[in-house]
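Undergrad: Chain residues, written in single-letter form:
2 protein chains.
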Amino acid sequence: MIGLLEEIAEAVHLAVRDREGEDLSAEMGMGADGTPTQKIDRIAEEAILETLNEHGNPLNVLSEEADFIDNGAEQTLVIDPIDGTYNALAGIPFYSVSLAVGKEVMSDIEFGLIRDLANGTVYHSEKGRGAYKDGSPIKVKEYDPDKSVFLLYLGSNANPKAFELAAMARRARNYGAASLELAMVASGVADLYMVDAEPMIRLVDLAAGALILREAGGEIYNTDGDVLEMRFGPRERSNFIAVGDKKLLDEVI
Amino acid sequence: MIGLLEEIAEAVHLAVRDREGEDLSAEMGMGADGTPTQKIDRIAEEAILETLNEHGNPLNVLSEEADFIDNGAEQTLVIDPIDGTYNALAGIPFYSVSLAVGKEVMSDIEFGLIRDLANGTVYHSEKGRGAYKDGSPIKVKEYDPDKSVFLLYLGSNANPKAFELAAMARRARNYGAASLELAMVASGVADLYMVDAEPMIRLVDLAAGALILREAGGEIYNTDGDVLEMRFGPRERSNFIAVGDKKLLDEVI
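Each protein sequence line maps, in turn, to chains P and L.
With the numbering used here, the residue at position 190 of the first sequence is 190, and numbering never jumps.
Convert by adding 1000 to the 1-based position in the second sequence; the result is the number in the numbering used here.
It is possible that some hints are incorrect.
As the list claims (entries may be wrong) - With a straight-line Cα cutoff of 20 Å, these simulated DMTMM-like cross-link-like pairs (lysine to aspartate or glutamate) come out: (1) P:LYS103 <-> P:GLU229; (2) L:LYS1247 <-> L:ASP1226; (3) L:LYS1103 <-> L:GLU1126; (4) P:LYS161 <-> P:ASP224; (5) P:LYS147 <-> L:GLU1164; (6) L:LYS1246 <-> L:ASP1144; (7) L:LYS1147 <-> P:GLU198; (8) P:LYS247 <-> P:GLU126; (9) P:LYS246 <-> P:ASP196; (10) P:LYS161 <-> L:GLU1142; (11) P:LYS139 <-> P:GLU198; (12) L:LYS1161 <-> P:GLU54.
Worth flagging that the hints you see were computed from the coordinates, not collected in a lab.
Could you put together the complete structure from these sequences and hints?
TA: Here you go:
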C-alpha cells in the first residue's frame, strides 16, 4: 500500500511541476468543505484520481474537493491534494500532498504518506511499524524548555492561548502547511504544533500526519486534552495540540 | 560584481551540499559576535574566503565568524555564510547565504545577493537598478488588511508588541531565516517582517536584504519608526520593522 501512495505522490509532484509558470490561483468553485478550490488543488486531485483509476480504484476517496467517492472498497483514501495552497501559490517552498488510508475514523488509519512537494522529502508510516523520513526511522524528541520549538497557528483568527504559547517557546514558528508541521513534530524538529482557531483545521489535513506522529512516539489531542478522534467526512474539522513528548501536554493545557 | 556574488553563493551551495549527511552541528568556538559558530557556518565561510582569494581578494570581509578581514580594498563584503543555521541543522528547508557589498554603513551598500540554499532561489539587487528573484523583477505588494501576511519573530525573547501584531495579521508566520524573510517582503509574499527581541538581529543578517527590499519599493525601519541605519561591525545589532507598503508603518508603530 505504501508503494501505491508513493506512486500517487509522484503523480501529484509531476502534475504540479508540469504546470509551473502558469497562474494556478484561479478559483474553481467551492470544495465539498466550503473552502474555495484553486486550480492547483484541482490539478493535484485529478492526478490522484487518475493514478487510482489506473490501479482499478482499489480505495474509496475522501477529499476536500470531491467529497466522498464510493468505489465499493473496504478502505478509504483520505487526501489533501495540496496542503499549503497559500504557500504554493505565493512561492513559499513549503507545501505537500497528504495521503492516508483507513476505514471510518482517524484511529483506524493504517497507512499515511506526506510528500513535501517543494523539496521531495517523503514521510510515511504503516500502523505498528514506526515512522520514516526518506526511508530512515524518525522519532519525537524529549521536551527541553531551553530548546523548545513550538509550531503555532497565529493571526487574527487564533485563540489567545496560542499567543501565550508563542511567548513561552524558545522558538515559535509557523510554516503554513499542517501535514508538514505534524511531520516536524514526528521527526523531532519541533516539540509542539497547535491550531486553535476559527475555522478549525480539516480532517484531510491531519489524517496522515496523525498516524506518522503517533508511530514516531507522539500524540495528537483535542484542546480539552483528550486523544483526538475524528470521523471521516469532508466537513470534519477540529482544533488540536500535537506533541512529541507527552508530558508537555500538561504544561500547555 | 553580481557575477562574483553569484559565484561565491554557488561555492557555498556546493560546499554545504558536499557535506550532507555529516553532523555539521559541532560547535567550533565563538564567533566575533559572541554567537557559537557551528561547523556548517565554518564550512560556508571557508568557501566564501577561498572564492574571494581566487579572485585576488578584491574586497574586505566582514563576517560574524571572522570579524573584519582587511584586504586593503575600498569596499567590504558583508557576509552571513549561513542564515538560518538552526533550520539547516534541523532539516528545515529554509536557510540561505547572504552577501552584501558596501563601505561603512547599511545605506551605502551597492550590491546584495541572497541565495536560498534549500531550493536554489536567488534574490539580488544593485543599488538604483531594482530587485530581482531568479532574474525577474520583484516588487512589494500593497497592504490589504484582509489578506495580510506578517512575518514575526516570536518566542520567549520577543517584545510583547510582536504578539499584538501576530493577533492583527490574517496570517502570522515565522520561518527562521532573516535574509529570506526580508526577501519575502521584497517579493510581495509578505507585508511585514519584524524582529523586536533580545538579542537583536545582526547587521550581517540584514545587509543584503535591506538593499533588496528598498530596491523593491519597501523600507526597513528601527522600532522608533526611523529609517534603519547601521554601521558595519561584527557586533552591530538592531531591532527592525521591514514593510513593503510604507503606509503600513503608521498602523503598527
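Undergrad: If a hint holds in the structure, say so; if it doesn't, say that too.
TA: Each hint tested on the structure:
1. P:LYS103 <-> P:GLU229: At roughly 13 Å apart (the allowed maximum being 20 Å), GLU229 of chain P and LYS103 of chain P satisfy the hint.
2. L:LYS1247 <-> L:ASP1226: With a Cα-Cα distance of about 14 Å, the restraint between LYS1247 of chain L and ASP1226 of chain L holds, given a limit of 20 Å.
3. L:LYS1103 <-> L:GLU1126: holds (14 Å)
4. P:LYS161 <-> P:ASP224: At roughly 13 Å apart (the allowed maximum being 20 Å), ASP224 of chain P and LYS161 of chain P satisfy the hint.
5. P:LYS147 <-> L:GLU1164: With Cα atoms ~24 Å apart, LYS147 of chain P and GLU1164 of chain L exceed 20 Å; violated.
6. L:LYS1246 <-> L:ASP1144: holds (12 Å)
7. L:LYS1147 <-> P:GLU198: holds (16 Å)
8. P:LYS247 <-> P:GLU126: Violated, because 25 Å separates the two Cα atoms, which is more than 20 Å.
9. P:LYS246 <-> P:ASP196: This hinted pair holds, its Cα atoms lying about 18 Å apart.
10. P:LYS161 <-> L:GLU1142: violated (31 Å)
11. P:LYS139 <-> P:GLU198: Since the Cα atoms of LYS139 of chain P and GLU198 of chain P sit roughly 30 Å apart, the hinted pair is violated (cutoff 20 Å).
12. L:LYS1161 <-> P:GLU54: violated (54 Å)
In terms of the numbered hints stated before, the structure departs from hints 5, 8, 10, 11 and 12, listed from lowest to highest.
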